[in-house]
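**Q** Chain by chain, the residues run as shown.
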Amino acid sequence: MLEITGKSVFGGVAIGPVKIYRKQENVVKRSKVDDVEAEVTRFDAAKDTAKQQLSALHDKALKEVGETNAAIFEAHRMFLEDPGYLDSVYNIIRTQSVNAEVAVATTGDNYAEMLAAMDDDYMKARSADVRDVSNRVISVLQGNAGDGSLGDEPVILLADDLAPSETVQLDKSKVLSFVTRHGSTNSHTAILARTMGIPAIIGADFAEDIDGKPGIVDGALGKLFIDPDEETLQKYTKQKAELDEKKRLLQELKGKENVTKDGRKINLYANIGGVGDVAEVLENDAGGIGLFRSEFLYLKKDDYPTEEEQFEAYRKVAQMMAGKKVIIRTLDIGADKQADYFHLDHEDNPAMGFRAIRICLKRPEIFKTQLRAIFRASYYGNIAIMYPMIISVDEVKRIKEIVAEVKGELDAANIPYGDVEQGIMVETPAAVIMSEELAQEVDFFSIGTNDLTQYTLACDRQNAAVEDFADTHHPAVLRSIETTIKNGHKGGAWVGICGELGADTSLTETFLRMGVDELSVSPSRILSVRDAIRKVDLSK
Amino acid sequence: MKEFSYTITDPQGIHARPAGEFVKAAAAFPCDVKIAKGDKEMNAKGILGVMSLGVKQGEEITVKCDGENEEAAAEALEKFLKENL
Numbered sequence: 001m002l003e004i005t006g007k008s009v010f011g012g013v014a015i016g017p018v019k020i021y022r023k024q025e026n027v028v029k030r031s032k033v034d035d036v037e038a039e040v041t042r043f044d045a046a047k048d049t050a051k052q053q054l055s056a057l058h059d060k061a062l063k064e065v066g067e068t069n070a071a072i073f074e075a076h077r078m079f080l081e082d083p084g085y086l087d088s089v090y091n092i093i094r095t096q097s098v099n100a101e102v103a104v105a106t107t108g109d110n111y112a113e114m115l116a117a118m119d120d121d122y123m124k125a126r127s128a129d130v131r132d133v134s135n136r137v138i139s140v141l142q143g144n145a146g147d148g149s150l151g152d153e154p155v156i157l158l159a160d161d162l163a164p165s166e167t168v169q170l171d172k173s174k175v176l177s178f179v180t181r182h183g184s185t186n187s188h189t190a191i192l193a194r195t196m197g198i199p200a201i202i203g204a205d206f207a208e209d210i211d212g213k214p215g216i217v218d219g220a221l222g223k224l225f226i227d228p229d230e231e232t233l234q235k236y237t238k239q240k241a242e243l244d245e246k247k248r249l250l251q252e253l254k255g256k257e258n259v260t261k262d263g264r265k266i267n268l269y270a271n272i273g274g275v276g277d278v279a280e281v282l283e284n285d286a287g288g289i290g291l292f293r294s295e296f297l298y299l300k301k302d303d304y305p306t307e308e309e310q311f312e313a314y315r316k317v318a319q320m321m322a323g324k325k326v327i328i329r330t331l332d333i334g335a336d337k338q339a340d341y342f343h344l345d346h347e348d349n350p351a352m353g354f355r356a357i358r359i360c361l362k363r364p365e366i367f368k369t370q371l372r373a374i375f376r377a378s379y380y381g382n383i384a385i386m387y388p389m390i391i392s393v394d395e396v397k398r399i400k401e402i403v404a405e406v407k408g409e410l411d412a413a414n415i416p417y418g419d420v421e422q423g424i425m426v427e428t429p430a431a432v433i434m435s436e437e438l439a440q441e442v443d444f445f446s447i448g449t450n451d452l453t454q455y456t457l458a459c460d461r462q463n464a465a466v467e468d469f470a471d472t473h474h475p476a477v478l479r480s481i482e483t484t485i486k487n488g489h490k491g492g493a494w495v496g497i498c499g500e501l502g503a504d505t506s507l508t509e510t511f512l513r514m515g516v517d518e519l520s521v522s523p524s525r526i527l528s529v530r531d532a533i534r535k536v537d538l539s540k
Numbered sequence: 541m542k543e544f545s546y547t548i549t550d551p552q553g554i555h556a557r558p559a560g561e562f563v564k565a566a567a568a569f570p571c572d573v574k575i576a577k578g579d580k581e582m583n584a585k586g587i588l589g590v591m592s593l594g595v596k597q598g599e600e601i602t603v604k605c606d607g608e609n610e611e612a613a614a615e616a617l618e619k620f621l622k623e624n625l
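Residue numbers (the working numbering), protein chains in the order written: chain E, 1 to 540; chain A, 541 to 625.
It is worth saying that the hints were derived from the structure and are not from the lab.
Some hints could be false.
Pair ranges (Cβ atoms, derived) [claimed, not checked]: (1) A:579 to E:59: 36 to 42 angstroms; (2) E:113 to A:570: 28 to 34 angstroms; (3) E:44 to A:543: 31 to 37 angstroms; (4) A:564 to E:300: 26 to 32 angstroms; (5) A:552 to E:152: 39 to 45 angstroms; (6) E:38 to A:552: 42 to 48 angstroms; (7) E:48 to A:608: 24 to 30 angstroms; (8) E:109 to A:608: 33 to 39 angstroms; (9) A:580 to E:38: 34 to 40 angstroms; (10) E:109 to A:552: 23 to 29 angstroms; (11) E:208 to A:552: 34 to 40 angstroms; (12) A:552 to E:450: 25 to 31 angstroms; (13) A:543 to E:362: 38 to 44 angstroms.
Even for Gly, the Cβ is constructed at its ideal location relative to N, Cα and C.
Take the sequences, apply the hints, and build the full model.
**A** See the structure below:
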């Protein structure tokens, strides 16, 4: 048995024969042309044919991998409309009197090198796209036609790297897994593997002599086994059966309600950290966004984000969620999340320091900018706001005064805004103890279990030495959650959980019995939590 | 000539897809359209040129429209950027 290790792109297990994919190589020979204008015309015709092929690939990809991932072929077609690219090809033909193949290959290489030299992994990965498109034009010029046939039996497909057009042309029903020598986690093969939900590995250094041999891919570990022994084969056959069953279940759960056997429904929302996460939220069928962390707007920057910048981000998410609830958490900077331009002093104990709502109340101008942006965006969807690190009723009253000022300013300027539910994070023992009074002031509570655990158990989250003491199932933590839910309901507030504990399916039944109204978890956990909810029977 | 500046808010910056859409929007106007970041200026009607600027979130770009219908072009492109990037 041979074991080859690469980098995991997508988990899962595949068992089957391996096949090494051979690229169609175009050999470009330089030749002199006498009639350069006829050569330009020949290029234009080939370019138009290539553009038609790319439109057809776009349509095929649309059906297979969805609009977001098919868009790359639209971009490819546009490469062949780029005035800079075309001028370069025309120029080379005309000034050097060479054949179109050479002009295209040279131009493609130049652009690919330019992108490869960029300080941006995404753009670096696009350099393969430029080469691929140029190759396509050369194939048309030379009359070569590529096809994606793989034979009858499904295979583990091995390749140096696969261009987007190659992956789309492949007969996907015959691919069990992708393993490539090169490529990045941003490459089209990686995206396709994730969309198809099949295991994939990149950076695997395999030899050519394994073609056709039996293999096993462990996507999660990034391992490829060739000629597996009986023990390995048995282990993975069993693992694969379990994974298949799980996958089938999860697919079945899409579009289903979050309802217990005895009919109690709760909301299941997703936590996100930026606009880019929304696609995954929709993909996993979340009912809304229960925690939209706004820190991404503030971190990795040199200065405060403007109201406009924030407004655009919030509006975009609200619109993409199309009427589903989006709960934006106001600035939660400080402690482990720092931005230099805030000029915060060094603190010995930042978890208990100047952070989150404390900064907002001491520096209301920062807070008001964010609130204005959120309220303006609320006109475009169903937005709610929650405030982090609350310890007292007085804080909430001060927040409400500031909110009233912001609304007054918007009214005066005739700027529209929607109905915005307002809630607080319950993540300090003080908020738990005061939850009955706090509930009178707000529409909802969202329990932040990570900080609540840290503060209740006096265990610093950043300190590995106390990790063993920070038991998230500690009765003090669970009892705090129960108290918060009970008191929240007493005061007319609905109560959700947005910390990591919300996704802990060993506690789903416990939370439901406590009467929780909403759970907000990372997008990838939505369906397994839904599964857990649907297995609970509260009448028993 | 009409000119305006805009700071990108999209976390992914101007990657291939929005670059393509921006190029299409620019190509709809007869005037010359240039897009610049720092001292690098590119033809905004070509996707490879726009991508090669590698514009990221928080970076400022300048768009220059010159020629027939430049006012309308600048207005439409500014609107496009605000709504999409």
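**Q** Which hints, by number, does the structure contradict?
**A** none
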